[in-house]
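Residue numbers (my numbering), protein chains in the order written: chain A, 6 to 421; chain B, 372 to 847.
Careful: at least some of the hints might be erroneous.
Calculated pairs, DSS-like style, for lysine-lysine (alpha carbon to alpha carbon, straight line, at most 25 Å) [claimed, not checked]:
(1) A:K13 with A:K156
(2) B:K699 with A:K284
(3) A:K59 with B:K699
(4) B:K722 with B:K711
(5) B:K662 with B:K699
(6) B:K779 with A:K284
(7) B:K786 with A:K284
Between beta-carbon pairs, the in silico distance windows are [unchecked claim]:
(8) A:E290 with B:N558: 47 to 57 Å
(9) A:E290 with B:L792: 40 to 50 Å
(10) B:A736 with A:D47: 23 to 33 Å
(11) A:Q256 with B:Q765: 48 to 58 Å
(12) A:M302 with B:I707: 37 to 47 Å
(13) B:A736 with A:M302: 42 to 52 Å
Honestly, the hints are just simulated from the structure, not real lab data. Only a predicted model underlies this, so the values are computations on that prediction, with no experimental measurement involved. In this text, a Cβ means the ideal position worked out from N, Cα and C, and glycines have one as well.
Listed below, chain by chain, are the residues.
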Amino acid sequence: MTWTIARKEIASNLLSYKFFIVLLLMVLLVATSLFIMYRDFDQSIADYQIIRPKPGEPIALVAPNPLSIFAKGLENAITRSFEISVIRIDVRTGQASGNVIYSFFTAPDFLYVVRVVLSLVALLFGFDQVSREREQGTLKLLLGSSVSRAKVLAGKWIGNFLSLAVPFFFVTLLGTAVLLLDPVVHFSAGQFARLGLILVLSLFYLGFFLSLGMLVSALTRRAATSIIILLFVWAVFVFIIPNLGTLAARQFVSVPSVRALTEKQEQTWTREVLLGISKGGNWAEHMQALSREEDQMEQDYRLKFERLVRLSRDINRISPAASFLDASSEIAGTGIGEEIRLKSEIVRYKDSIIDQIIANLSTGKRNVEYPAFVDRPRSLAEIFASGALFDTVWLIFLNILLFALAYVSFIRYDVR
Amino acid sequence: MMKTLVIKEIRTSILSFRFLASFVILFVVVSVTASVLTSNYLRRQAEYSQRQAEIDRYLGTYAHFNRIGAILQATQPPIPFQTLIRGLTAEINLEEFDDDPLPVMFPLIDLTFIVTILVSLIALILSYDVVCGEKEDGTLKQMLSNGLSRSKIVLAKFTGGAVTLIVPFLISLSAGMLIILLQPGVNWPASDWGALGLIVLGAFFYVAIFYLIGLLISSLHASSASSIMTSLFIWVLLVLIVPNLSPYLSSFLSPTPSRIMIAREVRRLTDVDRDDLGRKLEAKYRSEVVKQYPALAEQLSEAEVKRRVASDPEYRTAYEAMRAAEQKAWDEANRIQDAKRNALTADLQQKEEAQTSLARSISMASPLADFAYLATDLSSTGTRNTAHLGQLWQAWESVFYRDYEPKKMAELKAKDPTADLWNTPIDMTDVPRFHYTEEALGARIKPILPPFAVMLGYCIVLFAAAYVAFIGYDVR
């Protein structure tokens with residue numbers, strides 16, 4: 006019986022204006038987003054070929070990640086060029102910093118489309134499931150034929166989820182297949198698995214909004230009321246909580262601004278160089294001490310910053326949109342955790358280079374070749390252990406919770 | 372009659388659930404945002420004065436001319452407007468090793484966000500069924516049978532809707548301003564009231580656009596269920612998609628060379644290549660001088676050279692000619708390489724500017740981008756302010772290098788003629804400090820005229836379209 010209702014839902018969806026608009030939006034946006042981000046990736050690969058360090062150069066540069074087509078995240082920060090010089094790391098940024106308009110708007114990647122637009126679409130599938138059928142009188146007929154309410158609700162959920170998920174899956178797979186025609190976009194088996202995980206997370210995320218729509222629909226008498234409530238709830242979940250949450254976290258964790266930190270480092274550096282000149286003598290030791298002092302400051306900042314990230318994540322998790330974004334970008338390897346890890350690895354690399362410079366100074370060797378920087382991205386197991394698993398379980402839990410709530414309110418729904 | 376119609380529109384809106392819900396959510400979000408941003412502002416202000424104190428301490432003890440440029444930098448103090456609008460002032464700082472990537476993942480919430488996303492959504496919610504809803508209820512038929520002209524009805528609907536939207540927005544904003552101004556640490560300057568007024572005016576236009584979109588779509592649909600779908604579709608495209616695509620589109624249409632490559636090229640040109648060229652030119656000019664003064668061909672030790680320069684006037688002229696030739700070689704090398712560097716960076720800059728302005732133009736198709744540019748430029752938190760900061764900094768630099776540095780160096784020399792002018796610590800607490808002042812309101816208004824014009828154009832076109840659509844609406 007559940008399946009019959011699901012089929013009925015799919016059939017009625019297929020014929021509706023809503024479905025037409027939604028399908029148009031989905032195809033248009035997923036295709037545009039994949040194409041635009043693919044071109045962006047293509048460009049960054051071309052740049053990478055030009056700027057990749059020659060053997061022996063002490064430069065840490067990470068190759069562009071093809072998963073950034075789907076989850077841009079902090080890719081721009083991760084693929085900066087970190088050039089190690091005697092006492093500092095010279096950071097050079099890529100293209101995006103030359104065009105200030107980038108910083109006005111969020112990158113329109115696949116995650117953005119799912120997180121912002123498709124969540125709205127999922128709500129539109131759910132918002133009138135109960136109240137519209139009541140308004141039309143079909144709900145009475147349906148329940149009159151002695152189907153249990155649980156089965157009706159489950160059938161509705163499955164039918165609508167399929168009408169949403171099947172075209173979504175199809176468009177995404179088609180888009181990905183087209184991407185793969187370009188030999189530049191090369192996914193390893195592990196990256197395919199990660200992409201699959203992101204898709205599964207997307208489905209959980211969309212399922213949440215579908216259940217939310219059905220819940221509100223079962224709580225209201227009219228579809229018009231239901232849509233208004235849902236639009237506001239959507240805005241709160243997708244925009245307000247995540248964006249206000251990071252600001253609120255800053256109230257509790259005092260992290261110095263990056264500007265303050267840079268100024269402090271400049272002061273230390275210039276002071277030490279000055280003292281080094283006036284003292285003369287052992288430069289090597291001085292250099293090492295200076296490098297360690299800067300590391301200390303850097304680490305101090307990073308610890309505080311990590312605390313801020315943890316707290317703002319915990320606050321933001323109230324919203325599944327933030328959970329979804331965090332987990333998916335970490336899985337794609339473009340998240341905040343990945344950037345923090347990369348930077349600590351670069352600091353280690355810098356220290357090893359400086360040790361080598363000092364050793365060379367004492368032996369008088371010149372024009373040495375330095376070992377290349379090897380980036381070891383975290384494995385999926387590590388990513389899951391450091392939060393993504395929690396986010397995934399949380400999304401599943403929210404799905405179940407909302408469906409249960411929708412069920413409870415549907416049981417008590419007055420169908421007259 | 373018009374007045375009755377407007378009052379009827381306002382009354383039906385105000386009594387509706389959606390109005391109440393909109394008002395509550397707007398009020399809460401504006402108040403929470405204002406209080407969070409204000410406390411953020413106060414903390415940043417405290418940090419700023421602490422940073423200045425640290426710089427003062429440094430200037431008193433370790434300041435020296437060689438590296439003073441790394442200490443005295445163009446910094447902008449937090450400005451009161453940041454309690455409402457953050458704009459580009461979020462510190463992401465990708466140019467330094469330590470950055471703060473949180474705002475990249477989760478853009479900050481501020482008044483711009485509230486107007487562009489929340490208020491526009493409210494405008495659609497209030498307007499999507501303003502015509503077709505009344506048709507469904509059957510009241511539209513009755514109204515028209517009373518001999519009312521359609522143009523009066525559409526005008527009344529627009530006026531009534533605009534008033535019901537603007538009043539809750541103004542009340543919420545006043546509450547937010549009250550929260551900000553009640554903080555003793557915030558000194559809201561008089562010119563910012565003018566800017567705020569203009570931003571509110573821009574918000575009116577912005578909201579009117581979305582109300583008109585709702586009105587237009589509502590007059591094109593027979594049922595409100597399909598009207599909300601189309602309205603949301605248009606809203607998603609205009610607000611969530613077009614602006615975000617614009618920088619990427621412009622980067623394909625107007626590409627720029629790799630920044631990292633140019634930076635490395637510049638370093639190579641002015642470092643290794645310059646040295647090579649300098650040495651080559653030096654050798655060339657030297658051989659010319661040697662031909663003229665054969666005495667120089669002799670290989671002598673440094674001490675020997677010094678002795679002969681002192682004793683032999685002929686050798687001295689030859690030696691000086693040689694030094695001049697060397698200087699000429701290096702000057703030439705520097706000039707050639709600097710010209711190459713300047714050509715490279717000028718080309719990069721020109722291409723980047725072309726790309727930025729293209730991205731800006733594309734994004735201006737979206738009212739969201741128009742409002743964002745307008746609000747950030749008026750509040751001194753946008754691109755205009757970045758340029759303004761750069762100008763102020765240039766003015767400061769010229770004062771520092773033209774007046775202050777030579778004066779201080781002369782003092783140092785007078786005290787100790789053999790002192791290393793660059794690496795001797797001196798007390799620089801009297802240095803003219805960089806002082807940021809906001810751009811005058813008049814100058815801030817100029818760059819916002821294009822976005823204003825685009826929004827006004829939208830309003831006119833949409834109103835005309837809504838009018839035509841309503842005239843042709845089938846009320847049955």
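Now for the hints, and whether the structure bears them out:
{"no.": "1", "hint": "A:K13 with A:K156", "verdict": "holds (13 Å)"}
{"no.": "2", "hint": "B:K699 with A:K284", "verdict": "violated (36 Å)"}
{"no.": "3", "hint": "A:K59 with B:K699", "verdict": "violated (35 Å)"}
{"no.": "4", "hint": "B:K722 with B:K711", "verdict": "holds (17 Å)"}
{"no.": "5", "hint": "B:K662 with B:K699", "verdict": "holds (17 Å)"}
{"no.": "6", "hint": "B:K779 with A:K284", "verdict": "holds (24 Å)"}
{"no.": "7", "hint": "B:K786 with A:K284", "verdict": "holds (22 Å)"}
{"no.": "8", "hint": "A:E290 with B:N558: 47 to 57 Å", "verdict": "holds (50 Å)"}
{"no.": "9", "hint": "A:E290 with B:L792: 40 to 50 Å", "verdict": "violated (27 Å)"}
{"no.": "10", "hint": "B:A736 with A:D47: 23 to 33 Å", "verdict": "holds (25 Å)"}
{"no.": "11", "hint": "A:Q256 with B:Q765: 48 to 58 Å", "verdict": "violated (37 Å)"}
{"no.": "12", "hint": "A:M302 with B:I707: 37 to 47 Å", "verdict": "holds (41 Å)"}
{"no.": "13", "hint": "B:A736 with A:M302: 42 to 52 Å", "verdict": "holds (45 Å)"}
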